[in-house]
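Using the numbering used here, read the sequence shown as starting at 1 and increasing by one per residue.
In the EDC-like style, the derived pairs of lysine to aspartate or glutamate whose C-alpha atoms are separated by at most 20 Å in a straight line are: (1) Lys-65 / Glu-55; (2) Lys-65 / Glu-110; (3) Lys-65 / Asp-28; (4) Lys-65 / Asp-125.
Quick list of simulated restraints, FRET-style, between CB atoms: (5) Pro-50 / Gly-93: 43 to 51 Å; (6) Phe-115 / Arg-41: 26 to 34 Å; (7) Ile-116 / Val-10: 27 to 35 Å; (8) Ala-96 / Ala-40: 35 to 43 Å; (9) His-112 / Ala-40: 24 to 32 Å; (10) Ser-27 / Arg-143: 28 to 36 Å; (11) Val-100 / Leu-13: 18 to 26 Å; (12) Pro-50 / Asp-28: 22 to 30 Å.
To be clear, the hints were calculated from the coordinates, so they are not data collected in a lab. Just so you know, even glycine gets a beta-carbon here, dropped at the ideal spot from N, CA and C.
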Amino acid sequence: MSSGRPRVIVHWLPPIVWAACVLSFSSDALSAAHTGVWLARVVAEVIGHPLPPREFNLLHFLLRKAAHLTEYGILGALLFRALRAGAPGWRWGWAAAAVVLAGCVAAADEWHQFFIPYRTGSPWDVLLDVTGAALAQFLARLRVNLFRS
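Please work from the sequences and hints to get the whole structure.
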């Protein structure tokens, strides 16, 4: 094995594994129809009673959208790390490529959801996912500026 292979694996395995996890989240089991059931139980246990439907639906919606931002923020950060490959600093090219790659995963994920019962593919979710990946680039830039690494 050449000396470059372990570095490639170290840098690219995490975003590949995370992308596979994100794509697996597109299952029917994690559709809004199914996550709402267990979320309602958790909320009722925590606050002692069920939320009224209007408030519960808003909470459920916001949690699902926050999950999109978080999932793709993590993916964007891992892709930036892979593209950076241990080099110091922050570059627009690495950041842009990370966002584009995360956007490709997001588009594939939403396309896949068109074919899953209880799921719907949405271009708005792709936009939200790309926003999460872009936010990760902003945070990476901030980290580099603050800690010069």
